[in-house]
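Student: Letter by letter, the chains look like this.
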Amino acid sequence: MTQQSQSSDYSIQTRLLISVSILLFIFLGLTGIVLDRAFVTSVEAGAADRLQVQVYVLLAAAEYDDDEFYFLEDFQEPRFGQLNSGLYGFIANSKSGEIWRSESANSLSLADDDFLRTPVSVGESLFSKTQNSEQEELFVVTYGILWENGISEYNFTVMETSTPYYSEISNFRTSLWAWLGGVAVLLLLIQLFLMRWGLSPLHKMARDLKQIESGDHGQLQGSYPKELRGVTDNLNLLIKSERKQQARYRTTLGDLAHSLKTPLAVIAGVMQQLTAGKDSDNVDTRKQLASVDEQLARMNQIVTYQLQRAVQANDSSALARRVNVAAVIRKILEALGKVYGDKAMQTTLDMNEQAVFLGDERDLLEIMGNVLDNAFKYGRSRISVSVQQSDSQSGKLNIKVTDDGDGTPGDKQEFVLQRGARADTLAQGQGIGLAVVTDIVASYSGEIAITNLDAGGACVEMVFDFPQTSI
Amino acid sequence: MRLLVVEDESLLRQQVEQGLTKEGYVVDAAEDGKTGLYYATEYDYDAAIIDLGLPEIDGISLIKKIRSTGKDFPVLILTARGDWQDKVAGLDAGADDYVVKPFQLEEIVARLNALLRRAAGFAKPKLEFGQLSLDISAKQLTLNEENIVLTAYEYKMLEYLMLHPGQVISKTELTEHLYAQDYDRDSNVLEVFVTRLRQKLDPDQKLKPIETVRGQGYRFVLTGA
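First to last, the sequence lines map onto chains A and B.
In terms of our numbering, the first sequence is residues 1 to 471.
In terms of our numbering, the second sequence is residues 1 to 225.
These are computed hints drawn from the structure, not numbers from a lab.
Hints should not be assumed to be uniformly reliable.
What the hints assert, rightly or not - These stretches of chain B come out as covered by chain A in the derived footprint (C-beta under 8 Å, 3 or more residues):
hint, region
1, 2-16
2, 88-99
3, 198-209
Nothing here was measured: the structure is a model prediction, and the numbers come from that model.
Don't be surprised by glycine CBs; every beta carbon is placed ideally from N, CA and C.
When you get a sec, could you build the whole thing from the sequences and use the hints?
Tutor: Encoded structure:
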């Protein structure tokens, strides 16, 4: 399967679902990223503010004398005095580097302490990050001061381990993505429901078209949204036009048959008179008359055959109707009972009364008329008709007609199904009946077979595999 | 036997009319459904041959209208289309058999004979009354299996009487069914035919097949086999 055909296999619903999913993914993803960044920034800003406060704590407690800083009171923040508390204070300047560190930083080893020498403008705070020797990240705030003497500039630096902050960020991230994921699923479900509702007119149209195809309805019914009304109105027009054309086609063919066959009947009558006349004693004249007679018979056969099968030129499944098989067979049996009144045939019926033929009633009449006519013609006293269907009102349709005549010779069974074939010369009729039946059955993609019964007689079996109607 | 032929194609109508007349039938011909309906309702026919494709009133409607008036004579339809929808529709409307164009006249005659015989209640091709047997197809009468020669009108009269066994047939009815409308008939000729038939059918005057019902007509009194 090519990529192009793969993509065309996706339904509208699938396409919309994929599109919405991609959009949701992008939108919620970007939203998540933005929110995450904002939170991280906020956390860091909060950390910076807290560290700034700690800088002021250091400043407030700091005393300077003799080129040395000392602290007379305990810090308001006790963690400065707790070893490895996570909060560390430093005093440094750009020339000497570190001058003082808090007790908590006594065993702290920084991976890089150059930032302590970085000059920071007086009154300015600089937020940065660094790592200790164990690669644990620390938030750093460095504040530049000018001491009371007005000469010396120092950096007051406070550091804090970032672990609690990142723990907070991690919790936030987990919560954020969980909620966003849940919202995505909920939105997708809502979208799915809305799409089904939105596309339901299309589903309705598909169901209606199936019902038209199976013959339950003649056209699209009910109301459709205005966007589809143009399509449905045009479809109904098309269906109407198609049916009118079929009817017109049949009428024209019928008129053509009448126009051709009546003159043929007149010519046949004249031929009969000529044959019976005095001039027909001449051998040559007889031959010529016989030749004309033969050609007349051929013309009639061709006209009859072509006109009877011409209505099958189109696809017979288009705009099919549901025809009750049992009702049609009963009509024909009643008619044939009149025509073959002398024979007093006994008819046995085993018919599924619900069986339907998905097609034109005329076609079923032609099929059953020809088959039953043969059965009455060649049968002695008994005919049986069986109609079975695998599923109620759809699915495989099996029709069997048997008679108690002489049967059809084995080498002729295929022959009689061919156009213009006659297995015997005694029977009346044109000999094309079963050939027409074969054509009609084939146009419905059905199968027909003639077999001989062990008890004597012939069996004509037809099978039509109609699609199951799924609505 | 009196027949009605309704066919719009004039040459074909003439051929059928002439052919049936030669076979001994009295034939009235109509060229459209309206005329056919008039004939069918005004006159008494033994059978009708009706084309389905007629102007004015189509064949099927004509048959329905004929049946609705209570006329139950057999109807043989002629159809050019030959499709089963038309055949079934015609038979359902009240016809009794069909012939598809083009046809041989012999086929029409054979089917007519069968229809007339069945309408009279006879299932077999021969009308059998004890020693008498009438083969309608061969137009041959046998008495104790010996052929009896009849003239055309003797045969027509006997056939009509034998197809209506036990019924009193008036002279008027016999006249209408044996002679064309414009035929110059002698009112006594029927009595002559009856006398001759009695002589040929019943030389020993034992069977007495034809009874004269005074003031009413004639009746074929033998019962069927």
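Student: All hints, please: hold or fail.
Tutor: Okay, the hints, checked on the actual structure:
1. Three residues within the 8 Å Cβ limit are the bar, and the region 2-16 of chain B against chain A gives 5, so the coverage statement holds.
2. Counting residues of the region 88-99 of chain B whose CB falls under 8 Å from any CB of chain A gives 7; the rule of at least 3 is met.
3. Given a C-beta distance limit of less than 8 Å, the hint that chain A covers the region 198-209 of chain B is violated, as 0 residues qualify and 3 are needed.
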